[in-house]
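Peer 1: Positions 1 to 69 (our numbering) are the ones given, in order, by the sequence shown.
Hints in this document: simulated from the structure, not taken from any laboratory.
Some hints here could point you the wrong way.
[As the list claims (entries may be wrong)] Simulated DEER-style distance windows between Cβ atoms:
1) Arg11 x Ala42: 26 to 36 Å
2) Ser15 x Arg37: 29 to 39 Å
3) Asp9 x Ala31: 32 to 42 Å
4) Ala43 x Leu22: 42 to 52 Å
Just so it is clear, CB atoms sit at the ideal spot from N, CA and C, and this is done for glycine as well.
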Amino acid sequence: MATRKIDKDRRERTSNAVRELLETERLARQAKTARLREQRLAAAPAAKSPPPAARPGRTPKKRKIIDIS
């Protein structure tokens, strides 16, 4: 079955438009990823603070024994 030239042209224009849209979205995602990576790397040295001091361990509570007779 032969496709009409009009249908073929419309399909090609639509495909081209979708390709351009996908390319634009891909570039926007890459730019956002790069921006977030830079923010994360810039914040990483500031986040490297000395480890918190060790807290003394808590002794476990003793259980009460109830005699049931």
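Peer 1: Taking 26 to 36 Å as the stated bounds, is the beta-carbon spacing between Arg11 and Ala42 within them?
Peer 2: Given range 26 to 36 Å: violated, Cβ gap about 47 Å.
Peer 1: Could you say whether the range 42 to 52 Å given as a hint is met by the Cβ separation of Ala43 and Leu22?
Peer 2: 32 Å, violated
Peer 1: Go ahead and decide if the range 29 to 39 Å is satisfied by the Cβ distance of Ser15 to Arg37.
Peer 2: 32 Å, holds
Peer 1: Against the range 32 to 42 Å, how does the distance between the Cβ atoms of Asp9 and Ala31 compare: consistent or not?
Peer 2: Check passed, 33 Å falls within 32 to 42 Å.
Checked against the numbered hints above, the structure breaks hints 1 and 4 and satisfies the rest.
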